[in-house]
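**Student:** Chain by chain, the residues run as shown.
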Amino acid sequence: MPLPRLIPCLDVAAGRVVKGVRFQHLRDVGDPVELGAAYSDGGADELVFLDISATVASKAAAADVAARVAERVTIPFTFGGGIRSVADATALLEAGADKISVNSAALARPELIEELARSLGSQAVVVAIDTEGGRVRSHAATRDAARNTVEWAKECEQRGAGELLVTSIDRDGTRDGYDLEQLAALRDAVSLPVIASGGAGNAQHVADALEVSQAALLASILHEDPARLVALRDELRGLGVPLRDAA
Amino acid sequence: MKTVAIARYGAGNVRSVELAMRRLGAEVTDDLERADLAVLPGVGSARSAMDGLGPAADVLRARHEAGRPILGICLGLQLALEESEEDGGVAGLGIVPGRAVRLESERVPRIGWATVDPGGEAYWFAHSYEAVTDSTVATSEGHAAVVEHGSFVGVQFHPEKSGAAGARFLEQCLSRA
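Sequence order for the protein chains is A and B. Under my numbering, the first residue of the first sequence is numbered 2, with each subsequent residue one higher. Under my numbering, the first residue of the second sequence is numbered 2, with each subsequent residue one higher.
If you're looking for bench data, these hints aren't it; they were derived computationally from the structure. Be a bit skeptical, because a hint or two may be false.
As the list claims (entries may be wrong) - Distance condition first, Cα-Cα at most 20 Å in a straight line; then the derived SDA-like pairs of lysine to any residue:
id, chain 1, residue 1, chain 2, residue 2
1, A, Lys20, A, Glu35
2, A, Lys155, B, Glu19
3, A, Lys155, B, Glu107
4, A, Lys155, B, Val109
5, A, Lys155, A, Gly178
6, A, Lys155, B, Glu172
7, A, Lys20, A, Gly202
8, A, Lys155, B, Ser129
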């Protein structure tokens, strides 16, 4: 198996990195290129940029951010938010992104996963699943998608998804640790790589998630501070997690 | 200054390869025939890639016969082989003896940083098929990672996305070209 991965997640709106609580009271916390490059220098294995405004105007802004990130950052990065078609996804990959992530659009029209996989290759297609109590949530986790999480994960795999980014809404923001039970169920149900998200409060939580998943998404635990990533990597190495030597 | 031409056939990673080469001081041209190094990039599926290559396929074959350097990346490596099992079977360029087969791995696609031996550096991989060829010169967890046949060098990983290690690899390719 490839090495376990640490993936800082940056929320983006209108071309800036923002921070907010449940998508409200957004605050500008920096430039996506600068912060992305700093995380890369800090040893990130990949980056995820999540466009949380995802309006028509922000679509062009997202492609512009992807293009600027590609100029500076030499590790892989994923773009998510507001992607509803192969054309949306292609624009981001042509700008230099490696993968795109879809969530609500795939729930609304699951054939989108097949179209994306056929056109871009499965390795570029991440399906993000927000899960609460074993059920899928949609629209930034505000609605019940009327689907069982494990069943939806299997369907995503059958339709050609290349990876699953699984966020536990129960745990998100709690700092109580990842939902290991849900992650283990998904590990057993599909043979795709799984990126764990939601609930990281300390290095041990991340180490535990990397036992059952191939990667861990890091959001609030980093506080948009690359120095925290460096410290976290050191702690994880101390816990015996075989991270990449990024030098 | 070395010149680099990238075969354009709709592959997603062309811009990343171009940016990586420029960072290393190379000049990127459209002259696939005469550039010091030709790059066959690759992201996507074998059939659409072969269809998209069109006349560039013959230019690459001629380059190889003339002993001029070519670098194949990921799908670009697999396209150089005789055939791929992807998409129900696709004929490749036939520059390198061997074929691309569905990856046998615990998790497919095989995505992430993995060590390549000899050398011991970790590079970024993202693939569902792998090359099976006697021209393999380095492996990663048992999978072909670097393939060399005449003037063709193919890598299963993405040096353009492999940080400092990837840049060192590309620099070597440029200095040899």
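**Student:** Is it true that the CA of A/Lys155 sits at most 20 Å from the CA of B/Glu107?
**Tutor:** Holds, at roughly 16 Å.
**Student:** Between A/Lys155 and B/Val109, does the CA-CA distance stay at or below 20 Å?
**Tutor:** holds (14 Å)
**Student:** Would you check the hint for A/Lys20 and A/Glu35, treating anything up to 20 Å between C-alpha atoms as holding?
**Tutor:** Within the cut-off at roughly 16 Å; holds.
**Student:** Has the given pair, A/Lys155 with B/Glu19, been kept, meaning a C-alpha gap of at most 20 Å?
**Tutor:** Not OK: A/Lys155 and B/Glu19 at ~37 Å, beyond 20 Å, violated.
**Student:** With a cut-off of 20 Å on the C-alpha distance, tell me whether A/Lys155 and B/Glu172 pass.
**Tutor:** At roughly 42 Å apart (the allowed maximum being 20 Å), B/Glu172 and A/Lys155 break the hint.
**Student:** Would you mind confirming whether the straight-line C-alpha gap from A/Lys155 to A/Gly178 stays at or under 20 Å?
**Tutor:** violated (24 Å)
**Student:** For the pair we were handed, A/Lys155 and B/Ser129, check the Cα-Cα distance against 20 Å.
**Tutor:** The hint holds at about 18 Å.
**Student:** Between A/Lys20 and A/Gly202, does the CA-CA distance stay at or below 20 Å?
**Tutor:** Measuring from Cα to Cα gives roughly 17 Å; hence the hint holds.
In this structure, the hints that do not hold are numbers 2, 5 and 6, in rising order.
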